[in-house]
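Here's the letter readout for the chains.
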Amino acid sequence: MDARAIAELLSRCQAGDQTAWDALVDAYWQRLFGYALRVTGNAELAQDLVQETFLRIVQRLGKYDDQGKFEAWLFRILVNLVRDHGRSRLRHPTQSTVIESDGERIEMTDELAAKVPAPHEPLHHREDVDALQVALRKLPEGDRQILMLRHFADMPFKDIARTLNCPIGTVLARAHRALGKLRSMMEVSHDKTESQ
Amino acid sequence: MTRLNLSEACLLEASGELGSATRQRLYAHMEKHPEAQRQFEQIKRDLSLLRSIPKRQMTEETRQKLATSIKAGIRKKLRQIEREELSCRRWRMIYNSLAGVSAVAAALIIVAGLWVINRSASQNRERDRVLAVRKAIDGMISADRPSSVDEALQDVNDSIDDYQNQTSTVALQDKDMHQLLSVLATLRSERDEIMPPPEPGSL
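Same order as they appear, the protein sequences are chains A and B. Its first residue numbered 1, the first sequence is counted upward by one per residue in the numbering used here. Its first residue numbered 1, the second sequence is counted upward by one per residue in the numbering used here.
Looking at chain A on its own, in the form it has when it is part of the complex:
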């Protein structure tokens, strides 16, 4: 959705148009949910956080002055909510891909995203995926946050910089460093597997 369409949608929302609200939620919920689900590892909690994010948007939209930074604002709220939710809980997340909603059960499954090459060979094995996710969790929080926003929220680096309120150069430098660490950890993991 381009900046003009978002601005129009927001002004309709500010006027109290319910269909505009639905359209706004439809436009963003999947990316927000994808990020929240990956960070928390709990689908129900992720849903709550997404709802809370939109709720805060509803409550503050009256005072919001759109300058083409709505997406960054939206994700900043979610990132802060996830952080505030408690790091201790996130360190030991309850893994769940099931949501119980009004007696209905919604289930999600993991899928290998794309057949892309790993450091040396394609990620064909489940172990490789697990090792990669473990490596991602081992990254420093700030670095991991950037990679997760880029991958799970499909957020461009420019918007990540706005969301985290830091210069684009800093975000790119941290992303570059984090990707390098991820590669190193995967190489170590591969070496261990081969030696066994």
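Simulated from the structure, these hints should not be mistaken for laboratory data. Check the hints yourself; a few may be wrong.
Below, computed lysine to aspartate or glutamate pairings styled on EDC-like, alpha-carbon distance capped at 20 angstroms [claimed, not checked]: (1) 55(B) / 154(A); (2) 69(A) / 17(B); (3) 63(A) / 8(A); (4) 44(B) / 31(B); (5) 76(B) / 154(A).
Listed below are several chain A residues computed to face chain B (Cβ distance under 7 angstroms; list not exhaustive) [what the hints assert, rightly or not]: (6) 25; (7) 29; (8) 55; (9) 147.
Quick reminder that beta carbons are idealized off the backbone N, C-alpha and C, glycines included.
Given the coordinates of chain A, assemble chain B onto it according to the supplied hints.
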């Protein structure tokens, strides 16, 4: 416009976010510098590694259900907030009313207290005034009462009168005695002029 270094430009290009002008400069640079080309390939592989982390997949049905659930959840919470705000406003109104009534009651109590204090003070002043008047009257009364000297003089007067009645002829012939009686009569008339005798029945 932010000036980018090589790794930043490579990362943005691998991510599909580099502008066309910068991209042209990057590729021109990589053609001349094989090391830059290798770095770009490495960054592309690193980013691909990240992209290989699976995302949660949802069927269209699941997607619809989840979207509906999220929207319903938002509306539910909004209604809850509205109810809470309404309740809060109601409580605030009750609180303000009670505060108003309390303020009026407090003001009445203060006014009544001031009135009682004022009344007590005026009663005290009145009592003091009455006491002062009574004291003044007592003082005047005690000043009007015949002293012991007056009583002695009255006794002398009475004795003289008795004497005059008893010894009328003999005493009048006595020259000296006559002179004494006339002096006493003068004395008595002078005293009566200065201090009239108390009326019968008065204090």
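Verify the proposed pairing of residue 76(B) with residue 154(A), using a straight-line Cα cut of 20 angstroms.
-> 29 angstroms, violated
Decide if the proposed pair is consistent with the structure: residue 44(B) and residue 31(B), CA atoms, cutoff 20 angstroms inclusive.
-> 17 angstroms, holds
Should the interface hint for residue 55(A) be scored as holding, given a Cβ-Cβ cut-off of 7 angstroms against chain B?
-> 5 angstroms, holds
Measure nothing beyond the straight line between the CA atoms of residue 69(A) and residue 17(B); if it is 20 angstroms or shorter, mark the hint as holding.
-> 17 angstroms, holds
Answer holds if the nearest beta-carbon of chain B is closer than 7 angstroms to that of residue 25(A); otherwise answer violated.
-> 6 angstroms, holds
Would the pair residue 55(B) and residue 154(A) pass a check requiring their Cα atoms to be no farther apart than 20 angstroms?
-> 11 angstroms, holds
Classify the hint on residue 29(A) as holds or violated, based on whether any CB of chain B lies nearer than 7 angstroms to its CB.
-> Where the cut-off is 7 angstroms and the nearest Cβ of chain B is about 5 angstroms from residue 29(A), the hint holds.
Double-check residue 147(A) for me: the hint is only fine if its C-beta lies closer than 7 angstroms to a C-beta in chain B.
-> For residue 147(A), the interface hint holds, since the closest Cβ of chain B sits about 6 angstroms away, which is under 7 angstroms.
Measure nothing beyond the straight line between the CA atoms of residue 63(A) and residue 8(A); if it is 20 angstroms or shorter, mark the hint as holding.
-> Given pair residue 63(A), residue 8(A) holds - Cα atoms ~16 angstroms apart, limit 20 angstroms.
Checked against the numbered hints above, the structure breaks only hint 5 and satisfies the rest.
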